[in-house]
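*Asks:* Spelled out from the first residue to the last, the chains are:
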Amino acid sequence: MNEEMKSAIEKVKKETKPKRNVLINTAKAFFVGGLICLIAQIIIEILKQQFLLDKEMANSVAIAIMVFLGSLLTGLGIYDKIGQFAGAGTIVPITGFANSMTSAALEAKSEGIILGIFTNMFKIAGSVLVVGIISAFIFGSIRFLLGI
Amino acid sequence: MIFLMAFLIGGAICAVGQIILDVFKLVPIYITSLFVGLGAMFDTFGLYDKLVDISGAGATMPISSFGHSLVHSALEKAEEVGYIGILTGVFNMTAAGIAASIIFAFFISLIFRPKG
Amino acid sequence: MKLGKQSISFDTIYLGQAGVAAGPKEKQGPLGSYFDQVYDDLYCGADTWEKAEMQLMRDAIDHCLLKNNIGSGEIDCFVGGDLNNQIIIGSYVMRDYDIPTLGIFGACSTSVEGLIVAAGMIAGGSFHRVIAGTSSHNATSERQFRYPTEYGGQKPDTLTFTSTVAGAVLLTDTPTDLRLSGVTVGKVTDAKLNDPLDLGRAMAPAALSTIAAHFSDFNTKPEDYDLIVTGDLSYFGKDMLVKLFKEINIDIADRYNDCGLLLYDRDKQEVFAGGSGCGCCAAVTYGHLLAKLRDKTYKKILVVATGALLNSIIVAQKETIPGIAHAAIIERSGD
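Protein chains in written order, with the working numbering: chain A, 5 to 152; chain B, 1311 to 1426; chain C, 5 to 339.
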């Protein structure tokens, strides 16, 4: 490859750099993410008023229900279609966590239960747990020592 | 009112995630990891708790609440039993979420096949 | 005979009939009617994604043998590969055939790499009938290089969509109506692009390098071909290649297209930037372009298969993504 081609590549690389529709994508993420949180809030209110659960218990049950919905929609093959539309709107909520675990387990099913499902479940979601625990340790330790 | 705030705050947190995804061309794992860390950080001075009071599920649904719960329960236990409480208490609040995720992921993956 | 720096011209290499098998999206695409076997779902009647890709490869080989009216015992060698780790699809498929096998890997440039190796073996006067084949499958590729197929992550517009398709063609020294008259072997070209979700642009510099070398070695220009086609640069890579050639004062725009854009209708099908995968170039070339040569729409075409050389570990180590492109001239013999 001669110098002429190399400089052509450098020039055209910059010229053709693709742009993303940040505004539209953000609007879609806002809408779907907000909707998922709204649905969860409705579930919490029903649990508090109909089932008379206290705030913490209602929250925990609501999380379990949202996780179930995320897993189920993943199994049905619907979550990835919503995710393509909503981007961070489906990745950031806890349903995204459930989706990452269920989709990894589902994909690895062809390797069986132990080598497939069990081994691969945390392939994508693992980072959330690890970062969470380490952050909790660091911030917890700092605050414990400083008394805040 | 809480319903409106849940929608707005939850949507806003997701919107921030989307902006980071598109502007920095990152993959989703970076966003979830970042938000969990930020959630842990904002538990300081009860900031995240205030957000939960205002917006309910708008703050407890995003993955950032995971980080907040981890550090919150770690410190709660540490106040009870001393520093070791950070290790013994860290999973208290998040136990339901993690257990549910594993159990449902397992059963759903047994029943269904990926569709591609 | 060696030509220039990296090309070989052939006098006695001919193309027989080809077999192509495809999945649902390809069946619904503009070229669906050109394929010998099509399936309505990605599992292709098998239990796993990997077995589905094996079924496609088997179908392509079977249709190739059938259409050439020969048995597997008359084939001297099979040359092929795919995108899976250890090119496992080809290896496992060839268990069922009594044919000597050479596995090759060139990422999505495997189709033309297969033609080059096959032609080389025949040109020596040694082998007489060699099948070159390759396959790709959307799910096996997503699983290995990106994310589980049901994962909710958002795919950007620059993503090239791995096609679910396999193609196999017979090369022979017995004269037929189509000749493989020359090949250009590409060099690994790293233009320091590093986005695995934008592979079309990562491979365009490799296509530039190989096509420019081809013109130089054969002393030809774009006008000498009725069509120049790349394997899977798709929308963004194609645009980049046209601009690259314009920078070095060569105009390919009026006779250049890309297999990834021919295989699908980007407006109606959700394929992001367009098709990719080893099978993409194979399916479009063996299924459609050979037919266009045979029905005299084209007389002489240049097929340039392009591959992105990466795996997930090396990309995580923040390495850039080099590409490679191999070119083959296919033309009508006789007139």
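Treat the hints with care, since some could be wrong.
[As the list claims (entries may be wrong)] EDC-like, lysine to aspartate or glutamate: derived pairs with alpha carbons at most 16 Å apart: (1) C:LYS196 x A:GLU60; (2) C:LYS6 x C:ASP221; (3) A:LYS15 x C:ASP194; (4) A:LYS18 x C:ASP51; (5) A:LYS15 x C:ASP44; (6) B:LYS1425 x C:ASP51; (7) A:LYS21 x C:ASP221.
Think of the hints as simulated: they come from the structure by calculation, not from any bench.
*Asks:* If a hint holds in the structure, say so; if it does not, say that too.
*Replies:* Quick rundown of the hints versus the structure:
| no. | hint | result |
| --- | --- | --- |
| 1 | C:LYS196 x A:GLU60 | violated (52 Å) |
| 2 | C:LYS6 x C:ASP221 | holds (9 Å) |
| 3 | A:LYS15 x C:ASP194 | holds (15 Å) |
| 4 | A:LYS18 x C:ASP51 | violated (45 Å) |
| 5 | A:LYS15 x C:ASP44 | violated (44 Å) |
| 6 | B:LYS1425 x C:ASP51 | holds (12 Å) |
| 7 | A:LYS21 x C:ASP221 | violated (31 Å) |
Checked against the numbered hints listed earlier, the structure breaks hints 1, 4, 5 and 7; every other hint is satisfied.
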